[in-house]
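**Q** Just so you know, the sequences run in chain order A and B.
Counted the way the numbering used here counts, the first sequence spans residues 1 to 465.
Counted the way the numbering used here counts, the second sequence spans residues 1001 to 1100.
Source of the hints: derived by calculation from the structure; they are not laboratory data.
Just so you know, these numbers come straight off a predicted model, no measurement behind them.
The beta-carbon is built from N, C-alpha and C at its ideal position, and this holds for glycine as well.
No false leads were slipped in.
A partial selection of chain B residues facing chain A, derived with a Cβ cut-off under 10 Å:
1) Lys1013
2) Pro1017
3) Met1025
4) Gln1056
5) Ala1065
6) Ala1067
7) Gly1079
8) Leu1081
9) Gln1090
10) His1092
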Amino acid sequence: MSALDRLRAECGGARAALRVISASGQLGYGVPEAAFAEGLRRRPHVIGADMGSTDPGPYYLGAGELATSDEMSRKDLRRLLVGARSIGVPLIIGTAGTGGARPHLETVLAMVREIARAEGLKFRMAAIRADLPRDVVKAAVRAKRIRPLGKMDAFGEAEVDGAAHLVGQMGTEAFVRALETGAEVVIAGRACDTAIYAAIPSLLGFPMGPAMHMAKIVECASLCCVPGGRDTMLATLEGDSFVLESMNPKRHATPMSVAAHSLYEQSDPHRVHEPEGTLNVESARYEAVDSHRTRVSGARWEPARRFTVKVEGATLVGERVALIAGSSDPRFIANIGTILDEMSAIVADLVGRKPGVDYQLSFRVYGIDGVVAWPKPPAVPPREVFVLGEAVAPTLALALTVAKTTKQYLLHHGFAGRLSTAGNLAFPFTPPEVVAGRAYRFSAYHVMEVDDLAALFPVEVEEVG
Amino acid sequence: MKLMDLARVVRSKNAGPLKITLDLMFEDEARYQRALQSPALSPGAIAPLYGLARSQVEVIPYRPALAIKVVMDRTVPSGSLGDRDVYGAQQHAPLLEVEI
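Assemble the whole structure, with the sequences as input and the hints as a guide.
**A** Right, here's the structure in full:
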C-alpha cells in the first residue's frame, strides 16, 4: 500500500482531520531537534520542508550552488528522511538546493541517495524538474505571453539563451502528479512554497481555500508565532478551517501573529497568486483556541482562467573583486563623493579600458549611504567610514587589476585640503582585494502564461535503497 | 510622535527581487488609526524619503494585523550591480523618524 493509498483510507473525502508538519522554511540552516521530534509524536500525515528562495540573490540560481553548507544540508535531510520513514509518511521538499535548477536538484538527490544508503532506508522517490525549456520561453516572448513582475532590464529571446539557469515555479499540480506515482519522498526543483503543503489536501478533496491558506502560513514553520522562530509547526486541517500550533511550547500562534504573517514578503496581503489560481484571504478569520493555538477559516480559492508560472532566470555579469578599506580622516570623509569620482577617472586612465563597458567600478561608503540610498547626506558627518569598492569584469585578471590600482591610488590620492599625506585609508588586513567569485543578476522575474503545466515540470521516479 | 515610537514593528524585506515591502505594525486600534490617517504615510510623502516617484510607492492598510504595508519599486533588482541590500531587510530606517 503506497503512502497515498493509506492517506486516502484514513482522510479521503476530507472526512477526518489532516495533520501536516512543516519542518523548515529554509532546510539546510538547521532543523531544531526537540520541536521536530514533538512534531513526529503528533503522528502527522505528511512532513514538508522548503529549501529555497530568490531571497539570497541571483548568485545561487546562476552558479548552481547551494546557499547552505554541505554539512548542515545533509544533517537536515537525514533528520527529515529518517523521521518520515520512522512513521511511514510522505516527505515533500520544495525548491531543492536554494535555486531549484538542475544542479541544485542533482546535488540534493545525490545527498538523499547517500543518506538512504547509510541509514538503510528504502523508498520510492519522485524528482520534479523545474528547468524551463528555452524554446518554450522564447515562444512566450514572441507571443507576448510573458511579462516582468516589476522594473527590470528587457528580457528578449537573446536573454532567454543568455541565462545561466532559467526555472519556473511549479504549483500544486506538479506535486499531485509526483504523489500519484506512489512516491514516499518527493524532491522538487523550484516550486511555490505553498504547493509543498497544498498537494495532499488537494488530492484528498479538502476545500482549497483553507488548504492553500494553511499551506501559505505553515511553510515558514514557526515564523507565524510570537516570538517567531524556526521550529517545526503543526497544522491540523479540518475541512473548512485549520488549527496552527508550534511544536516549541515557547512559540505561540496568536490570532494577531498569524494574521500578521500574511504580510510577510508579500506585496499584497490579501491575495497570493499561484499557477492554478489565487488565494484570497480578505475574509479570513483568526480565533484563539487557547493561548498557544489559533484557528483560521474563511479564505477563498479563486481558480485561474489561465495558468501562469513565475519565471526566474540568472545571468552571469562577470568576475567580482571587493576592495575593503576604512577612514577616520574628517577631510577625506567630507570630500569623499568628489574623491571617489576623481578616483574612477584616474583608474580608467591607468587601466586603459572603458569603465561601464569593459569593467564596472563602484563604491559604497558605509557611514554615509552604504545601506540605504538616502536622498540627502547626513546632517552630521560620521566619525569613521567604511569604503567597499567593487570591481566586476569579464575576467578575474582585469577585475583584480582595477581593484589593485584603485586601492593604491585611493590610498595616496592628493585631494584638496588633505592633512594625512602619508595615506587616506586604513586596511584591516592585506591583501585588501578579496576575490568574491562570479557576479550574477536576475535577468528574469516574470510571469508566463501556460497552457500545459504538466509538460513544464516532468516527474522522474526511482526506487532508492 | 515619531513612527518608531508609535509602531510596534517597522520592518522591510524583499517581496520578490523587484520590490521592497515595509510592514508597520501597531499595538492597538488607536495607534493603527492614528498612523492610517497621517498624511506622513501617504505614497506622496514616503516616495521622496527614498528618492522615488509617487507612482512607485503603494500603501495598503491591513486591518486584521493592525498593520500598514508599504510596497516600493526597487531602483536596482536584488543582487544586481549597485544593489545595497540583497534581502532588502534594512530599508526601513528612512521611515523611523517620520512625524505622525
